[in-house]
Amino acid sequence: DAMVIQNPRYQVTQFGKPVTLSCSQTLNHNVMYWYQQKSSQAPKLLFHYYDKDFNNEADTPDNFQSRRPNTSFCFLDIRSPGLGDAAMYLCATSRDRGETQYFGPGTRLLVL
Amino acid sequence: AQSVTQPDIHITVSEGASLELRCNYSYGATPYLFWYVQSPGQGLQLLLKYFSGDTLVQGIKGFEAEFKRSQSSFNLRKPSVHWSDAAEYFCAVGARGGSTLGRLYFGRGTQLTVWP
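Line order of the protein sequences matches chains A and B. 1 is the number of the first residue of the first sequence in the numbering used here; add one for each residue after it. 1 is the number of the first residue of the second sequence in the numbering used here; add one for each residue after it.
So that you can see chain A by itself, here it is in the shape it has in the complex (with noise of 0.2 Å):
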């Protein structure tokens, strides 16, 4: 089935350790968003991919980054993460914007 993955579902780092999220779709679909969802709140779009056009949110830290190298991937870089970094992150791709967003499972990031 054509889906979005995200790897690692849980991750655990320490305070100011870069970490890495990982997004993959197999939808062959032209958006990939990353999305910041803390407990009980909806999700806060980060940034956006629109092809290799990068779109950045503009309240998103610096602290956060994004790097698509092909199609079929997105990564999530955190430089140096807070103890408010803590978060489900969702990865969703859509086929054009404007379009339906399809989501992924999410990656529980916890900041020791």
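Everything labelled a hint here was simulated from the structure, so no lab data went into it. Keep in mind that a hint or two might mislead.
Straight-line alpha carbon distances no greater than 35 Å define the calculated DSBU-like cross-link-like pairs of lysine-lysine that follow [said to hold, decoys possible]:
1) B:K49 with B:K68
2) B:K68 with A:K38
3) A:K52 with A:K17
4) A:K38 with B:K61
For this one, chain A is given, so just place chain B on it according to the hints.
Okay, now just chain B, sitting in the frame of chain A:
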């Protein structure tokens, strides 16, 4: 500015009872509308969507939603709830155009508890 309101933070129903989750939105034109469901520790699963056409849309797992333009609402309904429906439900508005094309605006979510 676009916004989505889900006025009920937590709803409890008995198994077999009917369900309605409320969603109101603020948007300058007719938006795209979505309902997603999230089980604990999982990602968001699409239940249904409205883009255009028939204002009553059917989704998966026996859910339906009705778009009411005059009320700026997109309420989710199910005639008979199952214990497996216990989860968090998110209403979302999608921008149709402009600089925010493709962006989803989520409500804060409604947590559904089902009593046996």
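Give me the numbers of the hints this structure contradicts, sorted from smallest to largest.
Per hint list: zero violations.
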